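2 protein chains.
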Amino acid sequence: MTTVLKLGGSVVTEKDRDETVDGPELDRAASAVAAARSGGGGDGSGGTGDAVDDLVIVHGGGSFGHPNAAGWGVTTEEGTRDADGVLAIHGAMTTLNKFVLRRLRDEGVPAVPVHPLSAAHRDADADLTLPTGQVRTLLDEGFVPVLHGDVIAHAGEGVTVLSGDEIVAELAGQLDAERVGVCSTVPGVLDADDEDSVDEASVIAEISSFDDVADVLGGSDATDVSGGMAGKVRELLALDVPASIFDLDALSAFLAGERPGTTIRGDEK
Amino acid sequence: MTTVLKLGGSVVTEKDRDETVDGPELDRAASAVAAARSGGGGDGSGGTGDAVDDLVIVHGGGSFGHPNAAGWGVTTEEGTRDADGVLAIHGAMTTLNKFVLRRLRDEGVPAVPVHPLSAAHRDADADLTLPTGQVRTLLDEGFVPVLHGDVIAHAGEGVTVLSGDEIVAELAGQLDAERVGVCSTVPGVLDADDEDSVDEASVIAEISSFDDVADVLGGSDATDVSGGMAGKVRELLALDVPASIFDLDALSAFLAGERPGTTIRGDEK
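Which chain is which? The protein sequence lines are S and G, in order.
Heads up: the first sequence runs through residues 1 to 269, numbered per full-length UniProt numbering.
Heads up: the second sequence runs through residues 1 to 269, numbered per full-length UniProt numbering.
Hint data in this document are derived by calculation from the structure and do not stem from the laboratory.
Check the hints yourself; a few may be wrong.
[Said to hold, decoys possible] Sample of chain G residues at the chain S side, in silico, Cβ under 7 Å:
| hint | residue |
| --- | --- |
| 1 | R81 |
| 2 | H115 |
| 3 | H121 |
| 4 | P131 |
Being a predicted model, the structure only gives us computed values, none of them experimental.
All C-beta atoms, glycine included, are put in the ideal place defined by N, C-alpha and C.
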């Protein structure tokens, strides 16, 4: 069974300090992954005892990717042909990737890097090609591939941003993933305007169409370049399998087979 | 016109000192590439004035890749499933890649990295899949993609070595390269046993079959895991276009459209 797990950029980095890892949170995530892979239920928050076998991890950019991309004026649609810009944005993301790999390795997870810039591109219609034969083979050989938001070649634009959320959606489809989880800083999609007053009751249990949550997420016209909740929900609704959005407290439960937080289930499922 | 240029590992590193870049030689190579791209003939050793447009660079491992691969017992056929081994070998190669990129950027070449571990894999029959849509798009957008020998996922083996020479052959075919050059520490394939007595007359001008040089290169049974001259000649004979083997003194001439050193021209060309 293949699981695709997104670790949000704001989970593994300190959002308000440029290029700063959130060490304790990253350690918690790595520890939960390690426990799940060795067959336990993680930190005691649940679990059936089944080991997670084929696991792909995708992490966002947080305070590494976003400030660099913004500084170079690069989005998912607007690109740069300046090699310094490519190396600055990509370099920040590979630095973060090294931190994530290091913590996972420290916990005994056989994590290896897969950098999207080296593999993917978009054509002139902005259609994404992300080959996954390397990811499938790494999984089959027992590794945990770790991808990340990145810049990639884009015909007519130079390089543009490929967000972690888009990678999750693409991998889930191509790898026939049976489980898809997005670990965020919030416990799910919230049915409230004020995130300061979050409690269990604020988490929407299930979303089956964007209209269900358009008012909460700012309407279907709302745009977010990368990483916003509206974009996540849209990407996940398009998947062939249900997906979960949850926070770090619920990561072990998700890896143990539960569906914590919000379940995103498109109409056809 | 697409050109694939291999910079030998022993050209850009000090072969006898582990993980040491040969700075002056790397600078010479970077300078020749920059001059050729800006339309000149490089360092005065020749040139027609035509700028080299689409250029892909592949570098070998030299004192970065080989000691690490040997230390982990990893070859093109024998693999490892130890993530520490993967990260050690791949990490050494990406470190060397950063040095190569830095020198090219210092000369104004818009070089960007493409790491084979992130893109390629071998199946259980050891057949290589190296997607090249990302390389083609980077070229079309004006970048100079820089690949390198690496470890890649290999079904049934964990990861194994993908040599720079194999990458050159694969790229040349897939990108329909019109020019292929291998910059080595020797001025070509030598018609002599003693490399200490190299002179112009020792360089074989043209090779059209392996039998021509089997005695010089140690016979067709000779094996070399990666980087040896016999392996290079074999890979290059299989290409659809002629290829050149030359040294750093002749790099500018090659980039200017000449055929210095030894020309490898398979029977069908």
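Results of checking the hints against the structure:
{"no.": "1", "hint": "R81", "result": "holds (5 Å)"}
{"no.": "2", "hint": "H115", "result": "holds (4 Å)"}
{"no.": "3", "hint": "H121", "result": "holds (4 Å)"}
{"no.": "4", "hint": "P131", "result": "holds (4 Å)"}
Checked against the numbered hints listed earlier, the structure breaks none of them; every hint is satisfied.
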